[in-house]
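**Student:** Fit chain B to the known structure of chain A by using the hints.
Listed here are the chains, written in short residue letters.
There are 2 protein chains.
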Amino acid sequence: MSTTALSIIDTDIHERAELDALVPYLDKRFRHYITEAGWVPDRVLPYTQLTAGGLDRADAKTADGRPGGSDLGMLQEQVLDEYGHEWGILTGWLNASAFHPGWAEFKTALMTAYNDWQIENWLDKDDRLVGSIHVNIHDPKGAVREIERLADHPRMVQVMLYIGPTDSPFGDPIYHPVYDAAARHNLVLGIHHSENSRTALGFHRYFIEWHTLVPQVFMSEVVSLVFNGVFDKHPDLKVIMIEGGFSYVPHLMWKMDQQYRELRAEVPWVKRMPSDIVREQIRFATQPVEEFTWEQFSQLIDQMGSDELLCFSTDYPHWDFDSPLEALPTDMPDDLKRKIFSENARAIYERLPAKAPAAA
Amino acid sequence: MSTTALSIIDTDIHERAELDALVPYLDKRFRHYITEAGWVPDRVLPYTQLTAGGLDRADAKTADGRPGGSDLGMLQEQVLDEYGHEWGILTGWLNASAFHPGWAEFKTALMTAYNDWQIENWLDKDDRLVGSIHVNIHDPKGAVREIERLADHPRMVQVMLYIGPTDSPFGDPIYHPVYDAAARHNLVLGIHHSENSRTALGFHRYFIEWHTLVPQVFMSEVVSLVFNGVFDKHPDLKVIMIEGGFSYVPHLMWKMDQQYRELRAEVPWVKRMPSDIVREQIRFATQPVEEFTWEQFSQLIDQMGSDELLCFSTDYPHWDFDSPLEALPTDMPDDLKRKIFSENARAIYERLPAKAPAAA
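Chains as they are written, first to last, in the numbering used here: chain A, 47 to 406; chain B, 47 to 406.
Please note that a few of the clues may not be correct.
Pairs count within a copy or across copies, as identical chains cannot be separated in the list.
[Unchecked claim] Below 25 Å or equal to it, Euclidean Cα-Cα: the simulated DMTMM-like pairs (lysine to aspartate or glutamate) are: (1) 317 - 218; (2) 107 - 322; (3) 107 - 308; (4) 107 - 381; (5) 279 - 396; (6) 107 - 312; (7) 317 - 337; (8) 279 - 354; (9) 317 - 366; (10) 107 - 117; (11) 401 - 308.
Treat the hints as calculated values from the structure; they're not laboratory data.
Okay, chain A solo, but in the shape it has when bound (with noise of 0.2 Å):
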């Protein structure tokens, strides 16, 4: 099977950097935290993913054993050529944001690493893919520098965070300026669970538990973001929540709505209600989407009041990978279809060039 006749934007694909791919980007001074002192990525995460693969497709991890995400060759023959993508957006894996924030200075060095990586080893190599700028939080000042290092790369779309473990909801005043920056470059906001996300009562005890609670920490992230205000002083900005699926929408847009009619005079800097908010300036990358039936689904649709609000992803290569033949429901109509699965992610990537060159 070669393309669908659906022009497909991808909104959550994970190119993989092993860490000593990234030395020779880090500034000299910090390569030794990584070669001599042996730093890792945080996981907090007390389970292995329990899949064939791990956290991978099982047949996306290469021959000679290093992860899915890894190859570009890979992805293209899985993804972008298997399904005819138009653009296949990049959103990492190493994320400053979901580690703990000490070592800050090291940590946004690694992300200015991180991100020429991206740029040399996968935006030049296939003018399909667009990018993500991955940013430090916890280093709102070099976070705003390294936004304002790479905005005006021509296929850098959006400011990628992570949720980590820590009780830092992103619509702390601490972290404005990064919203500012992204805002100032019209860059979309791109928030994505981590491994080191927590849930309510913490890490259960079992994977299934975590993996069925990760929604709690996207819906955190939305009720942090509408209530303190990052969407009255940026009308303008666009926030994409990824790998979080949007059946929990519906239920979060009438709580807020709720607590804002009763307790909106603790925040009387948010204007609209929370709903037109997330009408407005929140959408939802679909993976992992629950088997829905098109009745199911479109009711889903009625209770948000829009169909502008999902943005179709397979989050390439997990192992719970949504195939953009198969995820959503096959009886949709074609209007519908389109803007699920490119037009709603046009609309708000405003700087994705207006279409990709025939595949190299």
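**Tutor:** What follows is chain B alone, placed relative to chain A:
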């Protein structure tokens, strides 16, 4: 206005003990913890309830300044007589499960004192009230002893747990003896959040954020109980989630089912689809219900796949009290009204006497 035509079983009424009032009921060995050493209940929430009466309806406070829920006469006037309640289920306010696990013996004794105070001051004084056996989950053996001590009381209908700040979801097998005891005596397991319940990102900057995210701990407890096999061990046990509303339930059912399909090998003791377990064994007290139209409300019922999951509650005397006359869509069909206002509760609270005597 006097009574409604409906029979009402109110599944969440908070009677409240001033701490001093409990001392005479407390084991002598522990009285000095309160009277001399000044112990007060843990309260982790870093905000006050930012409403006219704080935690309570302003009109539910007593003339001499005691908090709402302290006075039986006011409860009778404002709720039981006002709406013609058939039954009010007392859910308390002081529950050791929501506190730090330390000083377990003292807190277990405090629950005994609380329960005796509840019986003498509330159950013995109004025949329309039934009660909850409050237990200290952090002392499972003590909790079982307390259940056994009171299991023969004709108007105790459930075992009550409040959710605290610690990472100890209730599905953990160390707590299962408590559920064994509840099941043995046909007591419902009631689960309630507390002012110590966290969110996935801890305590945010504003009260409205925390209050919006309260449903998270209920989702976490459902997931924990389901995937740790509590309902497989006890297929007749009924659990009710109290004061978290219910608009999160469709999302949670879909997400649990999806994860179960993909990852059930990890939890082979779970034999049914999680959404079936919910439909068969878990119920949700309605308050604080969002402002739903009948169309929205019936869509939610449809998504849950059962009209037997919701049990009406007022949450008296809290500030966001739900009136039986206004909280739910008034144009709901009569048969569904009967289910939500009384029949669904009656079906799970099997120990509820057939009919309350006429009011005193």
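**Student:** Determine for every hint whether it applies to the structure shown.
**Tutor:** Status of the hints after comparison with the structure:
For a Cα distance limit of 25 Å, the shortest separation of residue 317 from residue 218 inside one copy, 18 Å, qualifies, whereas the shortest one across copies, 43 Å, does not. When the C-alpha separation of residue 107 and residue 322 is checked against a cutoff of 25 Å, the pair qualifies neither within a copy, at 42 Å, nor between copies, at 36 Å. Taking CA atoms no more than 25 Å apart as the test, residue 107 paired with residue 308 passes between copies only; the shortest distance there is 20 Å, against 51 Å inside one copy. For the identical chains of this complex, residue 107 and residue 381 are neighbours neither inside a copy (36 Å) nor across copies (56 Å), given an alpha-carbon limit of 25 Å.
With identical chains, the CA atoms of residue 279 and residue 396 are at most 25 Å apart within one copy only, with a shortest distance of 19 Å there and 54 Å across copies. When the C-alpha separation of residue 107 and residue 312 is checked against a cutoff of 25 Å, the pair qualifies only between copies, where the shortest distance is 23 Å, while the shortest distance within a copy is 50 Å. Taking the closest pair of Cα atoms, residue 317 and residue 337 come within 25 Å of each other only across two copies (20 Å); inside a single copy the shortest separation is 36 Å, beyond that limit. Taking the shortest Cα distances, residue 279 and residue 354 sit within 25 Å of each other inside one copy (22 Å), while across copies they are farther apart (44 Å).
For the homomeric pair residue 317 and residue 366, the shortest alpha-carbon distance between copies (22 Å) is at most 25 Å, but the shortest distance inside one copy (39 Å) is not. Proximity of residue 107 and residue 117 under a CA criterion of 25 Å is satisfied intra-copy only: 9 Å inside one chain copy versus 66 Å between copies. Neither within a single protomer nor between protomers do residue 401 and residue 308 lie at most 25 Å apart by alpha-carbon distance, with minima of 46 Å and 37 Å respectively.
In this structure, the hints that do not hold are numbers 2, 4, 11, in rising order.
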